[in-house]
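K.L.:
Please build the complete structure, drawing on both the sequences and the hints.
Letter by letter, the chains look like this.
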Amino acid sequence: MSFTLFATAIISAMLINNVILMQFLGVCPFLGVSKKSSSAIGMSAAVLFVMVIASAITYTLYDLVLYQYGIPYISTIAFILVIASLVQFVEMFIKKTSKSLYKSLGIYLPLITTNCAILGVSEGNITNIWTSTLPYWDGLLLAVTTAVGTGLGFGLIMFAFSSIRERLDASNVPSAWKGVPISLVVAGIMSLAFLGLAGII
Amino acid sequence: MTKKANFLKGFLKENPIFVFLLGMCPALAVTSTFETSLGMGLLVVFVLTMSNIVIASVKQWIPNDVRTPAYIVIIATFVTVVKMLTEAYAVDLFNALGVFLPLIVVNCLILGRAEAFASKNNVVDSAIDGLGMGLGFTFALVVIGIFREFLATGGIMFGVYLPVTENPITLFSLDMIINLFDSGFHITEYGLKVFSLPPGAFIALGIILAILQFKKSQKDKKAAVAKMEMIAEKKKIALEKKKLAAQSLAKAGVK
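Those sequence lines, one after another, are chains A and B.
Residue numbering for the first sequence follows the numbering used here, beginning at 13 and increasing consecutively.
Residue numbering for the second sequence follows the numbering used here, beginning at 8 and increasing consecutively.
What the hints contain is simulated information worked out from the structure, not anything from laboratory work.
Misleading hints may appear alongside valid ones.
DSS-like cross-link-like pairs, simulated, lysine-lysine; straight-line CA separation at most 25 Å [to be verified]:
| no. | chain 1 | residue 1 | chain 2 | residue 2 |
| --- | --- | --- | --- | --- |
| 1 | A | K190 | B | K223 |
| 2 | B | K226 | A | K190 |
| 3 | B | K16 | A | K47 |
| 4 | B | K16 | B | K222 |
| 5 | B | K127 | B | K243 |
| 6 | A | K190 | B | K222 |
| 7 | A | K190 | A | K47 |
| 8 | A | K190 | B | K20 |
P.N.:
Right, here's the structure in full:
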């Protein structure tokens with residue numbers, strides 16, 4: 013496990029295979045919660061937090077339980093249950109320990125259960141990283157690194173897009189394009205820019 | 008609501024993608040060709056109908072506080088069934104859909120229908136609702152898929168991913184028209200490749216939604232004009248009545 017491997021994993025997860033613009037995971041919050049940049053930042057912080065914990069737990073679950081006992085096909089049910097209960101647990105934990113953190117993240121946490129980015133990253137870790145010969149700790153580190161990169165990429169795009177959207181509200185858009193259509197075209201142009209990053213690794 | 012209206016509402020009036028913007032992730036990710044969209048749509052129809060039936064039939068035994076996790080487990084069960092069936096019988100489709108096959112679990116449309124319809128209505132109505140909404144979702148995916156594949160390659164292929172025919176067949180291609188005048192021309196070399204890549208997905212869906220919004224605003228405008236005309240006519244009638252009344256009053260006064 014070298015440093016370059018982790019750097020590559022982070023850059024690749026954050027910019028090249030960007031979770032929203034290239035993989036289309038988490039498009040619902042991307043269009044729904046991006047009207048103000050403050051709410052976009054809150055949402056992305058909550059996603060980053062849950063995504064890192066969820067991918068660590070699901071990777072462990074798959075490697076040490078599901079694979080060992082020969083039931084890997086049940087992974088979808090197991091993962092979604094883990095994520096749903098994890099989100100509930102994190103919400104209760106934050107509520108008890110930190111009032112200020114709960115105020116900033118609290119309203120976004122229930123939305124995360126149905127955010128496909130979390131389950132998508134957990135499933136992607138299994139298909140892309142997990143092999144039966146890879147040592148557990150190496151795989152876990154790589155999975156967590158990928159989750160951090162993906163969460164940062166999600167936050168980057170959410171913030172950039174919400175800033176664009178705040179300006180878009182003030183500009184004079186033809187009535188047929190107003191609202192979601194013009195936002196989708198803007199996202200398409202951003203995606204076109206990110207397509208150009210594909211060659212850097 | 009009649010059964011027919013219940014079935015048809017998902018196609019245009021309450022279309023999950025075009026009107027409610029539910030389930031946008033698969034609508035962008037798997038619609039690069041007509042056939043992957045059709046395959047995804049049919050899988051969603053199956054999962055949605057079956058989960059609606061099961062949820063509607065067991066709803067009285069599910070405590071209200073834990074209903075969301077219970078619904079998710081029911082949906083995830085059917086998604087696992089679908090995943091294994093697709094891997095066994097249509098492995099090309101399985102590979103093309105990739106991570107979006109297990110992600111049907113978190114499709115907001117399915118949980119949304121379970122929460123909004125199946126938990127309140129009986130089994131038959133829920134089954135019809137699931138079927139109609141699923142087919143509406145498929146309809147929207149297929150529209151986007153045809154739009155993107157046509158712009159990217161200039162034609163529509165069938166049989167590449169679904170295990171229906173031995174060899175892929177071309178349903179339609181601009182080659183058929185152009186080759187009448189000039190043989191040896193291949194439209195695929197001139198296609199807008201970007202529409203089969205991620206940026207094209209956003210732009211294509213944006214264009215389709217803009218067209219729908221334009222049509223809706225035209226309709227609204229027409230309705231507004233019709234309303235104005237109706238009000239003007241009513242005013243006219245009222246004025247005439249007043250005039251008549253005044254005349255008759257004047258006549259009566261003269262007499």
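K.L.:
Each hint should be assessed against the structure and marked as holding or not.
P.N.:
Against the structure, the hints:
no.	hint	in the structure
1	K190/A x K223/B	holds, 13 Å
2	K226/B x K190/A	holds, 16 Å
3	K16/B x K47/A	violated, 29 Å
4	K16/B x K222/B	holds, 19 Å
5	K127/B x K243/B	violated, 49 Å
6	K190/A x K222/B	holds, 13 Å
7	K190/A x K47/A	holds, 14 Å
8	K190/A x K20/B	holds, 20 Å
Hints 3, 5 from the list above are not met by this structure, while the remaining hints are.
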